[in-house]
Amino acid sequence: MLEWNGRELVGELPAECVSDCSAPGQDASDAVAYWVARLSFAPPRVYAIEYLRGTGAWEDLDTIDDDTLAERVLWLFAGDAREALARGETTCHYLE
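So this note's numbering is basically just the index in the sequence shown, starting at one, shifted up by 606.
I should point out that these hints are in silico values taken from the structure, not numbers from a laboratory. Any given hint might turn out to be false.
Now the in silico label distances, taken between C-beta atoms and shown as ranges [claimed, not checked]:
1. Ile-670 - Ser-646: 11 to 21 Å
2. Gly-662 - Glu-689: 10 to 20 Å
3. Ala-643 - Ala-663: 15 to 25 Å
Where a beta carbon is used, it is the ideal one built from N, C-alpha and C, also for glycine.
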């Protein structure tokens, strides 16, 4: 079970989620939408916007819906987790 403690995601993303949502060179949109729904993945909006704004990748953050916001955060978290696993590390996810 995943839950939020302020900016911190408590719990681990399932390995299948990480794999599905971070496959290099593939459009993971459908997989990310599926996993957001399956995990009830809903990061706190204000922190998610700050986190995503820090990437510089999106300009529509103040106007997008919560599902799209969650999908973008999960996609980035899954990519981070894939990279950490490749290095033999564990992953902690924070919206900072």
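- prompt: In this structure, is the beta-carbon distance linking Gly-662 and Glu-689 contained in 10 to 20 Å?
  reply: 19 Å, holds
task: With respect to the beta-carbon atoms only, verify the hint that Ile-670 and Ser-646 lie 11 to 21 Å apart.
output: For Ser-646 against Ile-670, whose Cβ atoms are near 19 Å apart, the range 11 to 21 Å holds.
field: Range agreement (Cβ of Ala-663 with Cβ of Ala-643, hint 15 to 25 Å)
entry: 23 Å, holds
Comparing the model with each earlier hint shows no violations; every hint is respected.
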